[in-house]
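Number of protein chains: 2
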Amino acid sequence: MPRTERHLPHPALGDPCLGCAARLLSVCGALADDDMPALARLVEPLHLQPRGTVIAEGEPADHLFNVTAGTVKLYKLLPDGRRQITGFLGPGDMLGLAAGTGYAYSAEAVTEAALCRFPRLRLEALLDEQPAMRRRLFAMARDELAAAQEQMLLLGRKTAREKTASFLLGLAERAARRGGPADAVEVAMSRADIADYLGLTTETVSRTLTAMKAAGLIRLLAGGRIVLADRAALAGLAQAG
Amino acid sequence: MPRTERHLPHPALGDPCLGCAARLLSVCGALADDDMPALARLVEPLHLQPRGTVIAEGEPADHLFNVTAGTVKLYKLLPDGRRQITGFLGPGDMLGLAAGTGYAYSAEAVTEAALCRFPRLRLEALLDEQPAMRRRLFAMARDELAAAQEQMLLLGRKTAREKTASFLLGLAERAARRGGPADAVEVAMSRADIADYLGLTTETVSRTLTAMKAAGLIRLLAGGRIVLADRAALAGLAQAG
DNA sequence: CGGGAAGTTGAAGAGCGTCAAAAGTAGTGG
DNA sequence: CCACTACTTTTGACGCTCTTCAACTTCCCG
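Protein chains in written order, with the numbering used here: chain Z, 1 to 241; chain H, 1001 to 1241.
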């Protein structure tokens, strides 16, 4: 972990939410400045090291979380240990939505990460007073659902190369939406995480990336950075071969 | 199509929603009887034959739909025609939720089906007056999201046998929730639909079912009915080999 | 500089897909 | 009522993609 990331931005005492870097990306952006104190009273900041656990599948779903910094992965396990990562979350993303009695998945920090924790019941009460916030939360669930359906298409019907190309383009798109560079993506997760996200093995991910590098589509840099050298070709790969 | 199913229950003139068979299963159940007329004014009934199109991916998402009878499938396509079915809907299920600019998926009737169509904007207005309805809609989206994640686990990490066993058990569970028999499921969809739902081919689905039949786990009846002869064994298969 | 994890590369094999054909089922019209 | 046709499902043989198992290399972090 680089020394410069030691202190991540997360709610501080006093006026936690107003200065939150992730505020506008998240549900919190639906509230006016005047209403922020009501939100701030509910919030409990959480700071996790890599591999730190946020929630475990099946636990009582008493809280909702909002990622403010870093990357978090959501995953489900089979009894024999096979794992499917259902999503990677970044600043502004919510987790804990999909829940009946207990959480539908486990969540764990990929990088050092900061989150805000909301007691579900108290947040529900706030949502009843703040329709805009409920609408925003609903819209986020809607987007997550659309992303899940896209991922089902990937898992069920795409080849390893298509999956990998889609993954890289998805990473780049997310980074761009958060204001980062568009053609050099930061790959924070391990090959094993990528494999479990794409329904492949680490070996296949590695081989596929190597082949793409050999074909001049990407460049693999140190520190897990990947340059998308030929976006058009990758986009072609992502959908048809 | 059997003669007895010629006339499916769907909203008639006068008091369409009050007598709707799917009402309590759906968002509409969140409204009191007195508020039903407000809902009924928005509603437009839709009656589809098998293979009839409800929506097409990318179309402007102007409407929300509620299935009242029959089975509807949701799917996404790749340019070369590969298809992933993301879900099968029955009475009470909503569709048209996942939408940015346009619909995120296409939807088509599997059996003869009846739906209610709501203009999105006018329904949104009603939701603002009826918080209970918005909560219900949100809960439905939440459940759909949990189901999507379960399906990602299936698509990414389960074998053909596990997928097929999970599918049969899922069908039985749905049927039971709607009050049907628990161990003889009505399989309304074709092998091709099942394959596109499980990320397999029709041949593999057929072979797997045949093998299960040979192993005494299921019995294949006429008219697409399947008897789950050994539920415990199927449940074992569904999660671990 | 050293130890351990993460990543890459190689060889062999399995599971599922592809292609092809037969068997079963349903709808149509004489 | 039954033959004809078209589609769906099943069954078979073969091949390919991806997994599995294993060894080697690189990258961190102490």
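By construction, these hints were calculated from the structure, which means they are not laboratory data. Fair warning: this is a prediction, and the values are worked out from it, not measured in the lab. Don't take every hint at face value.
[What the hints assert, rightly or not] Calculated from the model, a selection of chain Z residues having no Cβ within reach of chain H, i.e. all distances over 12 Å:
no.: 1; residue: L25
no.: 2; residue: A38
no.: 3; residue: K76
no.: 4; residue: G87
no.: 5; residue: G100
no.: 6; residue: A139
no.: 7; residue: M140
no.: 8; residue: R142
no.: 9; residue: A146
no.: 10; residue: G170
no.: 11; residue: A176
[Said to hold, decoys possible] To spell it out: a stretch of chain Z is covered by chain H in this simulated footprint if at least three of its residues, at any positions, have a beta carbon under 8 Å from a beta carbon of chain H; those stretches are:
no.: 12; region: 49-60
no.: 13; region: 113-121
Backbone N, C-alpha and C fix where the C-beta goes; we use that ideal spot for every residue, glycine too.
Hint by hint, here is what the structure shows:
1. L25: Since the minimum Cβ distance to chain H is about 16 Å, L25/Z lies beyond 12 Å and the statement holds.
2. A38: Holds, because the least Cβ-Cβ distance between A38/Z and chain H comes to about 18 Å, which exceeds 12 Å.
3. K76: Not fine: 5 Å to the nearest Cβ puts K76/Z too close to chain H.
4. G87: G87/Z is in fact no farther than 12 Å from some Cβ atom of chain H, at 8 Å.
5. G100: 6 Å, violated
6. A139: Given a closest Cβ separation of 10 Å, the condition is violated.
7. M140: Answer for M140/Z: violated, closest chain H Cβ roughly 10 Å.
8. R142: 6 Å, violated
9. A146: Per Cβ check, A146/Z is inside 12 Å of chain H; nearest 4 Å; violated.
10. G170: Holds, because the least Cβ-Cβ distance between G170/Z and chain H comes to about 15 Å, which exceeds 12 Å.
11. A176: At about 16 Å from chain H, A176/Z clears the 12 Å cut-off, so the statement holds.
12. 49-60: violated (count 0)
13. 113-121: violated (count 0)
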